[in-house]
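Colleague: Residues per chain are reported as follows:
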Amino acid sequence: MRLVLHRDSPVAITGLGCVSAAGHGLPASMAALFAGTRRPAPPTRLRSDLPTRFPVFEIADFEQPVDELRTSALGLLAAREALTDAGLDRDALASLRVGVCIGTTVGAVMGEENFCRMCLAGLDPDLAPVRRTLRNNPADVIALAFGLNGPRQTIVNACASGTDALGVAGSWIRAGLCDAVVAGGADGLDRVAYIGFASLMIADDEPCKPFDANRKGLNLGEGAAMLVLESDPTCRRRGKRARSRLLGYGSAADAYHPTAPHPDGAGLRRAIGEALAAAGVRSSDLAFVNAHGTGTPDNDRVEGRVLADVFPGVPYLSTKGLTGHMLGAAGAIEAVFTAACLELGRVPASAGFETPDPEIPNVPTREAQPVSGSVALSQSLAFGGNNAVVVIGNP
Amino acid sequence: MRIVVRGIGVVGAFGCGIARLSEALQQGPAGRVGLALTVGRELREIPVLRADTTPLEAFVPARSLRRLDHYSRLALLASHLALADAGPDTVNPDRLGVVVATGHGATGNAFTHLRMFLRDGDACASPTHFANSLHSSAASSISMMLRATGPNLTVSQLDLSVSCAVLTARQWLLEGRVEHVLCGALDEMSELMGYLWYRQRGMPTSPAMTPLRTNAETAVPAEGAAFVLLSRDERGAEAYCTIENVDTGGAAGSRPCSHPSDLLVLAADGRLDSGPQYAARAAHARVACYSPLYGSTPAGPAFDVAAAALILRHGRVFGSPGGEACDFPATVARAGEPFGGSAIDCLTLTPDGGYGLITAGRR
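Here the protein sequences line up with chains A and B, keeping their order.
Every letter in the first sequence is one number past the one before it in our numbering, and letter 197, counting from 1, is 197.
Every letter in the second sequence is one number past the one before it in our numbering, and letter 153, counting from 1, is 153.
Among the hints, erroneous ones may be present.
[Claimed, not checked] Label pairs and their computed distance ranges (CB to CB):
no., chain 1, residue 1, chain 2, residue 2, range
1, B, R44, A, N114, 21 to 29 Å
2, B, G40, A, D309, 40 to 48 Å
3, A, D205, B, A62, 37 to 45 Å
4, B, R232, A, N114, 28 to 36 Å
5, A, R53, B, R119, 20 to 28 Å
[To be verified] Incomplete in silico selection of chain A near chain B, CB under 7 Å:
no., residue
6, A108
7, N114
8, M118
9, V130
10, T133
11, P151
12, A158
13, I195
14, S199
15, A253
16, T259
17, R269
18, V310
No lab work stands behind these hints: they were computed from the structure.
Keep in mind it's a predicted model, so treat the numbers as computed, not measured.
Idealized CB from N, CA, C, for every residue including glycine.
Kindly generate the complete structure, drawing on both the sequences and the hints.
Modeller: Have a look at this one:
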């Protein structure tokens with residue numbers, strides 16, 4: 001198989017699936033988005049002796065099988081919905097070369113906490129949790145569950161992982177490496193991350209308020225989102241119409257700080273520029289931007305300024321006020337919401353926003369509103385200064 | 001359009017730099033050192049292959065290294081070595097992408113982070129250790145230290161991490177996203193990984209790794225980093241070899257594409273669970289295997305690419321340490337054999353049927 005350069009051709013998106021605290025499945029999630037329903041609360045599955053019980057967006061009615069990690073189980077749930085939406089059953093999948101590209105943070109970490117606790121206590125704990133971790137690489141789990149034989153890749157690019165996974169998957173399709181790719185992100189709520197974000201003092205002790213003047217930080221969330229990307233010849237053979245198209249992808253590094261974004265958003269600007277150029281669209285063509293919008297003071301200030309500068313007058317929102325920050329899955333679910341909102345021609349209010357921040361020139365959407373245009377952008381900023389952007393369009 | 005290897009940076013138990021790897025390929029494996037572990041209430045020491053990152057001080061002021069952990073140091077050292085090997089002023093950092101492969105990530109920092117809050121309470125967690133426990137921390141350190149503002153990606157696919165990373169790096173160059181990509185792999189032998197190795201596989205007792213003997217466990221756990229500087233081929237620019245092709249997949253009984261390669265460099269590393277895969281797939285081929293030089297690590301296939309590049313540059317095959325113990329019907333290339341072929345396949349196989357294939361070609 002030889003790789004070829006077809007960078008600018010759009011890639012069909014034929015299936016969408018997601019699960020988060022906003023809902024099980026895309027229809028329920030979209031209904032929650034437009035209803036503005038959000039119920040962050042102190043975690044029920046995690047214990048902590050932190051003096052503050054930071055609220056999280058936890059999926060209440062989901063228990064993973066004992067031999068699966070929560071991250072992988074959530075990934076499977078979203079992948080099943082996306083493949084069903086794409087009309088790809090096991091027989092259809094068996095005749096195709098299908099890749100899997102998944103972003104995660106928690107899903108690739110060795111060192112399960114209870115196991116380590118027992119090690120440190122001088123005990124020799126059972127190895128079952130370690131074996132479970134090794135068996136639960138998110139891309140492998142999905143590939144094995146659906147009998148997929150193409151490339152498998154787990155991307156661990158912190159909070160940009162889900163967006164990067166879509167970009168990499170798109171390049172596989174364009175290069176002819178795969179007929180289809182299950183691409184997205186998955187992350188279960190994790191105590192190490194919960195404590196870690198608290199230690200960085202960027203977790204909000206109230207429901208998060210992306211882009212609001214009084215924002216104090218993020219709320220962690222959990223879940224997964226998957227998109228089925230397909231080559232046009234495969235779509236034609238199956239008689240399948242694209243729901244949306246992945247038009248462009250860009251990514252760039254700030255090369256600035258381990259946890260803070262570049263103050264001028266240098267990497268983000270470059271990633272946006274690359275994604276727009278790859279998509280062949282101008283910033284004024286965009287119907288809306290689904291921003292990273294974590295609710296942390298630094299992220300939202302930098303991102304808000306870049307949005308005002310690069311996309312003046314283009315509506316923008318953050319959906320993290322409804323899902324929490326799903327880390328490696330964030331970019332994926334935001335891409336799914338972007339595609340679904342484009343289909344609808346409407347975007348919801350940016351949940352949690354009330355008071356404009358004088359340091360951010362534009363304000364996010366205050367209420368659900370119609371949008372005009374057939375192209376939108378979803379972006380992610382990550383620790384380490386990684387920025388990733390996808391441009392999605394109606395078919 | 002062809003993608004070429006312009007520079008190589010390696011650090012492992014054999015030392016650091018492509019010259020040291022070349023010497024090791026001719027002279028044989030380095031000695032093991034002991035890694036002290038607490039197992040239950042007892043102190044044990046298991047033999048491992050470790051990498052020394054002290055030479056990083058030749059590239060980076062000591063002051064800038066204070067907050068860099070071993071994981072990031074490994075990656076940064078191999079990156080600097082690859083750039084130095086390619087020659088000064090080869091790279092414009094604004095047009096440099098970074099792709100890092102790791103099988104298990106920053107396990108040392110992750111374990112330290114856990115230890116701190118398990119011992120002292122959740123409120124005593126260290127924000128620095130948390131940030132540095134991310135798999136992507138090494139790639140971020142590279143971008144910050146080298147001011148590399150191009151795309152930056154970290155992948156973690158266990159033993160197939162390297163083929164995934166090279167696939168992406170190659171694609172970035174073919175798409176014209178960047179002019180150069182620093183692409184490499186690293187894994188560290190932290191206390192946690194040493195303990196897990198011991199518990200899963202027991203004390204390494206074999207006097208030497210014999211990875212082509214597939215019916216015995218002879219693996220020695222190791223750490224190291226191997227990076228290559230990849231570019232599009234340009235007239236007049238020095239290069240070791242091309243990266244002709246990358247293929248990876250599996251999980252459903254598929255097979256790697258077959259290429260008319262002249263030599264198969266196997267990533268077999270003495271683990272009993274993957275050995276039979278190699279015996280089945282490499283039967284009747286002309287093979288080589290160099291893992292005893294850098295040990296059993298998910299980063300191993302990146303060292304294989306470096307070894308293939310040296311073979312293609314010098315036109316001679318290196319001997320396979322422990323190759324005389326090969327227990328399947330393959331032809332193990334002998335030390336010093338001329339290599340006039342056009343391609344070398346670096347093959348990685350996993351127990352569940354996954355594969356990674358990186359084809360290095362003569363330029």
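Colleague: The structure should be examined with respect to each hint, and the outcome stated for every one.
Modeller: To see whether the hints hold, each was checked on the structure:
Distance hint for R44/B and N114/A: a CB-CB separation of about 22 Å, consistent with the stated range 21 to 29 Å. Here the CB-CB span from G40/B to D309/A is close to 59 Å, at odds with the stated 40 to 48 Å. Separation of D205/A from A62/B is about 40 Å and conforms to the stated range, judged on CB atoms against 37 to 45 Å. In this structure the supplied range 28 to 36 Å is violated for R232/B paired with N114/A, their Cβ-Cβ distance being about 49 Å.
Checked against the given bound of 20 to 28 Å, the beta carbons of R53/A and R119/B, roughly 22 Å apart, stay inside it. This hint holds: A108/A has a C-beta 4 Å from the nearest C-beta of chain B, less than the 7 Å allowed. With 7 Å as the threshold, the beta carbon of N114/A stays out of range of chain B, its nearest partner Cβ sitting at about 10 Å, so the hint is violated. At its closest, the beta carbon of M118/A sits 10 Å from a beta carbon of chain B; the interface hint therefore is violated under the 7 Å criterion.
A hinted interface residue such as V130/A counts as satisfied when its beta carbon comes closer than 7 Å to some beta carbon of chain B; here the least separation is about 6 Å, so the hint holds. The beta carbon of T133/A comes no nearer than 10 Å to any beta carbon in chain B, farther than 7 Å, and the hint placing it at the interface is violated. Below 7 Å, beta-carbon pairs count as interface contacts, and P151/A has one with chain B at about 5 Å; its hint therefore holds. With its C-beta approaching chain B no nearer than about 5 Å, A158/A sits inside the 7 Å limit, and its interface hint holds.
Below 7 Å, beta-carbon pairs count as interface contacts, and I195/A has one with chain B at about 5 Å; its hint therefore holds. Taking 7 Å as the C-beta contact cut-off toward chain B, the hint placing S199/A at the interface holds, the least distance being around 4 Å. The interface hint given for A253/A holds, since its Cβ lies 4 Å from the closest Cβ of chain B, which is under the 7 Å cut-off. With its C-beta approaching chain B no nearer than about 5 Å, T259/A sits inside the 7 Å limit, and its interface hint holds.
Interface restraint check for R269/A: the shortest CB-CB distance to chain B comes to about 11 Å, outside 7 Å, so the restraint is violated. A least Cβ separation of about 17 Å between V310/A and chain B goes past the 7 Å threshold, and the interface hint is therefore violated.
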